[in-house]
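**Student:** If you want the building blocks of each chain, they are given just below.
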Amino acid sequence: MGNLIKIAFRNLSRQRRRTLLTVAIISVGVIAVLLFSALSGAFKNMMIGQITDSMLGHLQIHTKGYVSSLDNLPLNKVISEKQMKRIDEILKGIPQVEAYSKRILMGGMLSNYLETTNVKIAGINPNDEAIVTPLLTSRIKEGKMLEKGEILLPELVTKGMGLKVGQDIVLIVNNADGSVNGQNLKISGIIESVVGPTGKYGYIHIDDAKTVLRMSEPQYSEIALRLKTIGSLEKVFGIISQKLSTMKNKQDMPLFEVHTWEKLSPFYNIAQMIDLMALFINVLLIAIVLISILNVMIMAVYERMKEIGTLAAIGTLPDKIRTMFLLEGLFLGFFGSAVGSIIGVFVIIIVKFSHFTIAFGRNENILLDPSIPFKQMLFITAISTVVAVIASLQPAIKASRMNPIESLRHG
Amino acid sequence: METVIDLKHVSKTYKLGEVDVPALKDINVEIEEGTFVSFIGPSGSGKTTLLNLIGALDTASGGTLMIAGSDPAVLKNRERAKFRGENIGFIFQDFNLISVLTVYENVEYPLLMVKETPKIKRKEIVESLLKKVDMLEHKDKYPSQLSGGQKQRIAVARALTTSPRIVLADEPTANLDHDTAFMVINLMKKMRDESGVTFVFSTHDTKIVGEADVIHTIEDGVIQKSEKVTHG
Chain H
0 MGNLIKIAFR NLSRQRRRTL LTVAIISVGV IAVLLFSALS GAFKNMMIGQ ITDSMLGHLQ
60 IHTKGYVSSL DNLPLNKVIS EKQMKRIDEI LKGIPQVEAY SKRILMGGML SNYLETTNVK
120 IAGINPNDEA IVTPLLTSRI KEGKMLEKGE ILLPELVTKG MGLKVGQDIV LIVNNADGSV
180 NGQNLKISGI IESVVGPTGK YGYIHIDDAK TVLRMSEPQY SEIALRLKTI GSLEKVFGII
240 SQKLSTMKNK QDMPLFEVHT WEKLSPFYNI AQMIDLMALF INVLLIAIVL ISILNVMIMA
300 VYERMKEIGT LAAIGTLPDK IRTMFLLEGL FLGFFGSAVG SIIGVFVIII VKFSHFTIAF
360 GRNENILLDP SIPFKQMLFI TAISTVVAVI ASLQPAIKAS RMNPIESLRH G
Chain S
0 METVIDLKHV SKTYKLGEVD VPALKDINVE IEEGTFVSFI GPSGSGKTTL LNLIGALDTA
60 SGGTLMIAGS DPAVLKNRER AKFRGENIGF IFQDFNLISV LTVYENVEYP LLMVKETPKI
120 KRKEIVESLL KKVDMLEHKD KYPSQLSGGQ KQRIAVARAL TTSPRIVLAD EPTANLDHDT
180 AFMVINLMKK MRDESGVTFV FSTHDTKIVG EADVIHTIED GVIQKSEKVT HG
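Residue numbers (numbering that gives the first Met the number 0), protein chains in the order written: chain H, 0 to 410; chain S, 0 to 231.
Just so you know, these hints were derived from the structure itself, not from any lab.
Be a bit skeptical, because a hint or two may be false.
[Stated by the list, open to error] Derived lysine-lysine pairs resembling DSSO-like cross-links, with alpha carbons at most 30 Å apart:
no. : chain 1 : residue 1 : chain 2 : residue 2
1   : H       : Lys-76    : H       : Lys-242
2   : H       : Lys-319   : S       : Lys-227
3   : S       : Lys-114   : H       : Lys-319
4   : H       : Lys-305   : S       : Lys-227
5   : S       : Lys-14    : H       : Lys-397
6   : S       : Lys-224   : H       : Lys-305
7   : H       : Lys-305   : S       : Lys-81
8   : S       : Lys-120   : H       : Lys-5
9   : H       : Lys-185   : H       : Lys-76
10  : H       : Lys-397   : S       : Lys-120
11  : S       : Lys-131   : S       : Lys-227
12  : H       : Lys-397   : S       : Lys-131
13  : H       : Lys-209   : H       : Lys-158
14  : H       : Lys-242   : H       : Lys-140
15  : S       : Lys-114   : S       : Lys-75
16  : S       : Lys-227   : S       : Lys-206
17  : H       : Lys-319   : S       : Lys-140
18  : H       : Lys-63    : H       : Lys-247
19  : S       : Lys-131   : H       : Lys-5
[To be verified] To list a few chain S residues with every Cβ distance to chain H over 10 Å, as calculated:
no. : residue
20  : Asn-51
21  : Glu-85
22  : Asp-93
23  : Thr-229
Each residue gets a CB set at the ideal place from its N, CA and C atoms; glycine is no exception.
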């Protein structure tokens with residue numbers, strides 16, 4: 000095999016320019032794939048981070064049917080204090096859960112004594128919420144995080160009504176039995192709106208939410224969870240779903256439902272689209288490698304027909320002739336993808352340290368952090384090499400099956 | 000002496016569309032081991048076809064061939080390749096050296112690819128052959144750096160690397176000038192004398208054919224005359 004490798008190398012050096020061009024084409028393809036994968040991966044992670052860290056959390060727990068009627072923010076599909084205690088026990092027993100935040104969601108009206116507008120409000124514990132959605136505070140454009148007796152309002156509402164930080168407003172809501180209640184609150188801050196569910200919500204303290212809804216005991220609309228690593232999402236989802244499935248109503252139906260951020264956010268489809276595009280770029284790379292190698296190897300076999308005839312005549316076995324051509328294809332693919340991977344990594348590092356920023360939603364200058372996992376780089380190198388060998392297969396088989404007499408007559 | 004090539008009533012017919020074109024008709028030849036045999040005839044007389052049959056590169060349409068004790072017609076492609084590698088050396092009109100390999104590597108090649116031989120033994124065989132053909136000092140050159148005569152000397156050495164029983168040379172001097180042609184024929188003869196290998200060559204050059212021990216004259220696919228040559 001060592002001799003075949005040596006001869007294959009020598010054969011590639013015959014047409015140096017063509018070999019270098021083929022290696023360069025494959026390298027450029029690999030660089031493009033690596034760069035696209037790194038940038039699209041960084042964009043996807045940033046997007047997921049923005050969505051989960053600024054409002055949704057990684058997972059949410061609701062009573063059965065709450066999410067399907069989310070637009071109404073029903074107050075009769077809530078998690079009772081007793082149920083919450085059981086859920087507390089379950090969540091505290093899962094080490095992957097970093098924190099969770101209980102929320103009371105409600106629809107209401109907001110009045111500045113001159114004008115009134117509809118508003119959706121989330122009652123939160125600011126300390127818990129800061130851990131579960133760490134980007135929430137960064138969304139505050141003016142003012143500060145709320146305390147008891149204060150309200151954080153979305154920018155769209157404050158602009159429309161001309162509200163300012165520090166101003167008093169009245170929040171009017173219907174409680175579960177239909178009676179109307181109101182509460183005076185001071186605007187602690189103005190929060191920028193983001194696209195997606197709860198992206199245009201105002202926030203009040205959970206104790207104020209209990210007061211305005213006249214709750215004798217706390218009843219929660221949802222529990223938002225943050226995991227230590229998002230990679231454990233599916234696992235934790237499975238654990239919580241399984242544990243909560245044991246809690247059933249009188250009709251023996253599950254009381255709760257668990258959703259990952261993917262099910263709650265329309266951006267999951269965009270994330271999937273990015274993955275699809277990355278796959279398409281990979282297919283394009285495979286096509287580049289396949290066509291380049293096939294073209295080069297067909298030419299090589301045609302040019303060396305007389306030599307193949309000589310090799311066959313002096314007794315070289317067909318499988319050795321086949322292996323020789325396969326090795327040439329393998330080296331072209333391997334060196335093309337290896338060189339491409341090395342340059343690709345350097346390009347990614349340059350992009351990373353050039354602090355490339357993009358605008359997403361209403362956020363300007365979001366820093367992209369492109370990176371490529373080593374496993375993915377290895378995979379791309381391996382797939383290019385394997386495709387190169389596959390592309391060489393047909394010309395190699397053709398060479399090994401050539402009639403020596405006809406080959407010797409050639410050229 | 001043992002018969003190393005035995006052809007009985009051998010014929011070869013090519014199909015040209017619907018037409019059968021006979022290339023060889025009723026060839027009967029016996030060649031003894033260690034002889035220096037020449038087939039002479041004009042272009043298209045069937046010399047190359049006959050050497051292709053003897054060299055197990057092609058199969059006959061009729062008759063029987065026994066080459067080095069085997070009938071190549073019964074062998075499958077792979078077995079025929081193996082048979083060639085073990086029993087037959089080839090010298091071509093166009094030298095057919097592998098351009099990316101050096102002189103040394105070209106001669107070494109059959110030992111690597113055909114008859115896997117340990118490195119030390121390979122070195123011994125290759126250097127000995129290069130010395131015999133007076134090309135040892137050129138061992139690191141590439142074929143493109145050699146003259147026609149030098150290339151054919153390398154081809155002679157390569158043909159002998161695997162110690163075959165028969166060396167077939169199809170018009171080995173066709174691309175060489177007269178003096179170089181004589182030099183190559185004499186080299187082949189010298190190698191025959193030293194190794195005892197049977198050399199069979201085809202030519203249309205009447206001046207060099209006299210160097211052979213046996214001359215078979217072939218015309219229109221038929222052996223017209225076979226004569227033994229007595230060298231003074």
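**Student:** Decide, hint by hint, whether the structure agrees.
**Tutor:** Quick rundown of the hints versus the structure:
| no. | hint | result |
| --- | --- | --- |
| 1 | H:Lys-76 to H:Lys-242 | 20 Å, holds |
| 2 | H:Lys-319 to S:Lys-227 | 42 Å, violated |
| 3 | S:Lys-114 to H:Lys-319 | 12 Å, holds |
| 4 | H:Lys-305 to S:Lys-227 | 35 Å, violated |
| 5 | S:Lys-14 to H:Lys-397 | 23 Å, holds |
| 6 | S:Lys-224 to H:Lys-305 | 33 Å, violated |
| 7 | H:Lys-305 to S:Lys-81 | 19 Å, holds |
| 8 | S:Lys-120 to H:Lys-5 | 19 Å, holds |
| 9 | H:Lys-185 to H:Lys-76 | 29 Å, holds |
| 10 | H:Lys-397 to S:Lys-120 | 34 Å, violated |
| 11 | S:Lys-131 to S:Lys-227 | 28 Å, holds |
| 12 | H:Lys-397 to S:Lys-131 | 38 Å, violated |
| 13 | H:Lys-209 to H:Lys-158 | 28 Å, holds |
| 14 | H:Lys-242 to H:Lys-140 | 40 Å, violated |
| 15 | S:Lys-114 to S:Lys-75 | 19 Å, holds |
| 16 | S:Lys-227 to S:Lys-206 | 16 Å, holds |
| 17 | H:Lys-319 to S:Lys-140 | 25 Å, holds |
| 18 | H:Lys-63 to H:Lys-247 | 10 Å, holds |
| 19 | S:Lys-131 to H:Lys-5 | 27 Å, holds |
| 20 | Asn-51 | 6 Å, violated |
| 21 | Glu-85 | 7 Å, violated |
| 22 | Asp-93 | 8 Å, violated |
| 23 | Thr-229 | 34 Å, holds |
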